[in-house]
Amino acid sequence: MSTIIKVKGLTVSYDRKTVLSNIYLDIQQGGLYGVLGPNGAGKSTLFKSILGLIDIDSGSIRFKEKPIIENRKKLVYIPQKGDVDWNFPATVMDVVLMGRYPHKKIWERLDKTDNEIALEALRDVGIEHLRNRQIGELSGGQQQRVFLARALCQEADVFLFDEPFVGVDVTTEKKIVQILKRLATEGKTLLVVHHDLSKVVEYFDHVILLNQRLIAAGETIATFNEENIAKAYGGQLTILNKPALLTRKK
Amino acid sequence: MYELFEIMQSEWALRALIASSLVGVMCGVLGSFIVLRNMSMIGDALAHAILPGVVFAYIFVGVYSVLAFFIGAVLAGLISALLMTWIQQNVNTKNDAAIGIVFTAMFSIGVMAISYISQEHGVHLDLKDFLFGNILGVANEDLWLTGAIAFYVLLSIILFYRYLFVTTFQPVIAETMGISTKIIHYFLMLLLSFAVVASLRTVGVILVVAMLITPASTALLLSNRLKQVVLLSGIIGLFSAVVGLILAIKFETTPGPAMTVTATVIYLLAVFFAPEKGLLFKYLNKRNAQKRIFLEDTLKQVLKLHEKGVLSLSKLVDRMGAPLAKVKANVQLLAKKNVLQFDGKNITMTEKGIQEANRLVRAHRLWETYLVQQVGLNTEQIHEDAEQKEHYLTDDILDEMEEHLGYPTVDPHGSPIPKTRKLLKHFLGQLLPGKKGIISKQQLNENITSRLWELNLFPGTTFHLVESGTDFIKIKLEQGEIELSKSLAQSINVDIVGE
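Protein chains in written order, with my numbering: chain E, 2 to 251; chain H, 382 to 880.
Honestly, the hints are just simulated from the structure, not real lab data. It is possible that part of the hints are untrue.
As the list claims (entries may be wrong) - Short derived list, chain H residues pointing at chain E, Cβ under 7 Å:
#1 I539
#2 R543
#3 Q551
#4 V553
#5 M558
#6 G559
#7 N605
#8 R606
#9 L607
#10 Q860
#11 E862
Stated by the list, open to error - Listed below are the simulated SDA-like cross-link pairs for lysine to any residue, each with C-alpha atoms no more than 25 Å apart in a straight line:
#12 K726(H) <-> V753(H)
#13 K726(H) <-> L752(H)
#14 K175(E) <-> Q713(H)
#15 K74(E) <-> K563(H)
#16 K106(E) <-> Q713(H)
#17 K658(H) <-> K176(E)
#18 K75(E) <-> L535(H)
#19 K182(E) <-> H196(E)
#20 K608(H) <-> T92(E)
#21 K563(H) <-> P80(E)
#22 K106(E) <-> K658(H)
#23 K176(E) <-> G141(E)
What the hints assert, rightly or not - Quick list of simulated restraints, FRET-style, between CB atoms:
#24 M389(H) <-> N116(E): 44 to 54 Å
#25 T760(H) <-> R214(E): 49 to 59 Å
#26 F853(H) <-> W87(E): 57 to 67 Å
#27 R63(E) <-> V652(H): 50 to 60 Å
#28 K563(H) <-> G188(E): 29 to 39 Å
#29 K74(E) <-> T760(H): 49 to 59 Å
#30 K563(H) <-> W108(E): 17 to 27 Å
A quick note: this is a predicted structure, and the numbers were derived from the prediction, not measured. Here a beta-carbon is modelled for each residue, glycine too, at the ideal position from N, C-alpha and C.
Generate coordinates for the entire structure from the input sequences, incorporating the hints supplied.
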């Protein structure tokens with residue numbers, strides 16, 4: 002496996018309060034990463050830094066040894082579904098087609114091929130029949146699938162998911178995990194901010210444990226242990242660790 | 382009418398018509414984005430804030446110059462936009478307060494400047510023209526400017542449509558695609574200033590916001606697709622402007638307000654009559670739902686009372702506590718649907734009716750089971766909620782709930798949960814002669830169960846199917862042979878022995 006994203010000495014602060022401090026990470030191509038840590042650990046900030054959405058204090062982030070800015074369309078972000086006005090006058094297809102925008106020059110129109118790619122993505126996530134629905138008419142799980150379909154459409158190399166399983170049904174969660182695993186075998190790299198520690202071993206082959214500093218990063222089997230979890234979650238561990246450790250003992 | 386036609390052919394009226402049309406379309410189209418981005422207040426503010434720009438342009442150039450007006454207005458608009466954003470980001474003042482502070486200040490400076498030049502220079506600049514427009518005085522050069530601006534604004538929106546869509550819908554995604562939401566925001570402010578300047582002569586600064594937000598809000602009630610909203614908004618803007626102008630000429634009133642009133646009337650029509658989002662549609666939907674619920678409740682009561690023998694209409698009315706006429710109408714409607722049979726006095730249920738009523742009972746009892754098993758409520762808390770939910774749960778959801786709950790046979794009160802046909806595999810009426818079977822414990826509904834008890838066909842009874850005709854079947858039991866009607870046999874669930 003080769004390194005696709007290299008984070009070197011990343012430090013970020015908001016209003017003089019340090020959120021991420023001196024992070025070094027080698028993210029391997031084809032890895033399925035769970036990004037873990039308590040609230041305020043800097044998980045979202047790490048994503049925003051990788052996506053080039055915020056100014057960083059120091060350090061560098063490189064995609065295949067080049068600046069991220071030059072490779073924007075190779076990275077795709079799947080945000081939480083809560084931050085959107087679901088009454089917006091748009092259909093499922095309209096939103097999914099957004100994934101094709103980075104491939105178009107300003108004067109180019111979307112064409113048949115884009116439509117086919119979007120339909121294929123919708124089929125993939127199992128909501129092709131909903132393509133003409135207004136997005137507000139969908140359930141939480143279906144809305145998350147729309148975002149996933151849009152990301153698939155973009156044909157990116159790196160996928161950054163922000164808590165994709167929040168507010169979705171069990172079937173959708175299974176479907177998303179299945180697609181994540183398939184994408185990883187296709188050589189795509191996936192980073193997933195995740196909260197439910199009981200599913201970590203089952204879902205991810207790599208983990209990144211954060212708490213402002215990098216606590217640990219590596220293969221799940223070697224890295225996701227009591228010691229590292231305790232370090233990352235500190236006092237909050239007592240409630241969270243039980244299911245996680247139960248799963249590990251199996 | 383002929384007189385009006387005459388007037389419309391004169392040159393000034395034609396100019397006014399062209400100017401209004403351009404402004405109507407442009408404001409309508411641009412307005413869709415303004416409304417969707419919650420920028421209506423900013424639109425109004427910008428319109429007021431350009432006043433000093435226009436006045437100072439007049440002071441500097443000294444004569445009435447369309448180009449100077451345009452530059453002054455756009456500059457004032459941009460300065461205001463930057464000021465508002467700066468305050469919002471750097472000062473501890475609420476967002477809408479910042480907008481209010483900037484535009485009232487700018488507007489006041491403009492008003493003061495107007496009185497200054499009319500006193501000091503003896504020039505007469507009519508404030509009223511700025512506020513409400515003076516479309517009847519549109520000159521040729523005004524027309525050219527309006528045309529050029531409308532062209533530029535519309536072209537920009539077509540060209541940057543995707544950028545506007547994605548930044549409006551989900552700014553974060555736009556940023557990850559390398560589209561700067563900030564630049565798009567200021568670009569829209571620029572277009573807005575352009576549109577306001579172009580509308581100055583037509584509707585004036587006070588009412589331009591109506592042309593921006595009223596047609597767009599109307600279009601948003603009528604469609605669920607952005608492209609359609611933009612197009613519709615443009616058409617409604619155009620229509621309002623033209624109709625408003627004609628009305629103003631006919632009734633010799635000010636065109637700006639006439640256009641605004643026209644746009645508002647169309648908006649009100651949409652508020653009431655729009656399909657799906659209109660109040661009338663919502664009201665009818667709600668009433669239909671209420672009717673359906675009342676009908677379903679009637680059916681359920683019939684099922685309950687029916688089990689105790691012959692059911693008269695008066696007994697049902699007593700039980701339902703609703704007016705006789707209403708209940709009777711419901712019963713007649715249900716009879717029409719072949720769910721009940723009603724001879725004017727007594728009510729009997731058809732097999733179809735029993736099926737439908739049992740669907741409701743099943744929904745009710747499954748929901749109660751769910752509330753107790755999964756949510757942890759106690760048995761006293763669940764009935765009321767189930768009375769509501771039974772009318773809304775679909776078959777798909779019920780099937781999934783049933784599976785999830787592990788196919789419960791009784792609800793928390795101990796009453797049996799009716800099964801659907803899907804879950805029961807074999808029916809006596811469908812078997813071939815010679816088959817051996819057992820009367821199953823689970824039957825479609827209590828009605829079937831009680832009929833079986835009357836016939837001494839208890840669950841677990843073994844039988845041998847002797848004959849299966851078109852109207853009846855014959856089965857052999859330990860104590861002898863009995864005949865059953867075919868229609869009953871079609872509904873008796875059995876387990877087959879020896880397969």
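Each hint tested on the structure:
no., hint, result
1, I539, "10 Å, violated"
2, R543, "5 Å, holds"
3, Q551, "6 Å, holds"
4, V553, "6 Å, holds"
5, M558, "5 Å, holds"
6, G559, "5 Å, holds"
7, N605, "4 Å, holds"
8, R606, "6 Å, holds"
9, L607, "5 Å, holds"
10, Q860, "51 Å, violated"
11, E862, "51 Å, violated"
12, K726(H) <-> V753(H), "40 Å, violated"
13, K726(H) <-> L752(H), "39 Å, violated"
14, K175(E) <-> Q713(H), "49 Å, violated"
15, K74(E) <-> K563(H), "20 Å, holds"
16, K106(E) <-> Q713(H), "65 Å, violated"
17, K658(H) <-> K176(E), "33 Å, violated"
18, K75(E) <-> L535(H), "32 Å, violated"
19, K182(E) <-> H196(E), "18 Å, holds"
20, K608(H) <-> T92(E), "11 Å, holds"
21, K563(H) <-> P80(E), "20 Å, holds"
22, K106(E) <-> K658(H), "36 Å, violated"
23, K176(E) <-> G141(E), "14 Å, holds"
24, M389(H) <-> N116(E): 44 to 54 Å, "46 Å, holds"
25, T760(H) <-> R214(E): 49 to 59 Å, "53 Å, holds"
26, F853(H) <-> W87(E): 57 to 67 Å, "59 Å, holds"
27, R63(E) <-> V652(H): 50 to 60 Å, "55 Å, holds"
28, K563(H) <-> G188(E): 29 to 39 Å, "35 Å, holds"
29, K74(E) <-> T760(H): 49 to 59 Å, "58 Å, holds"
30, K563(H) <-> W108(E): 17 to 27 Å, "23 Å, holds"
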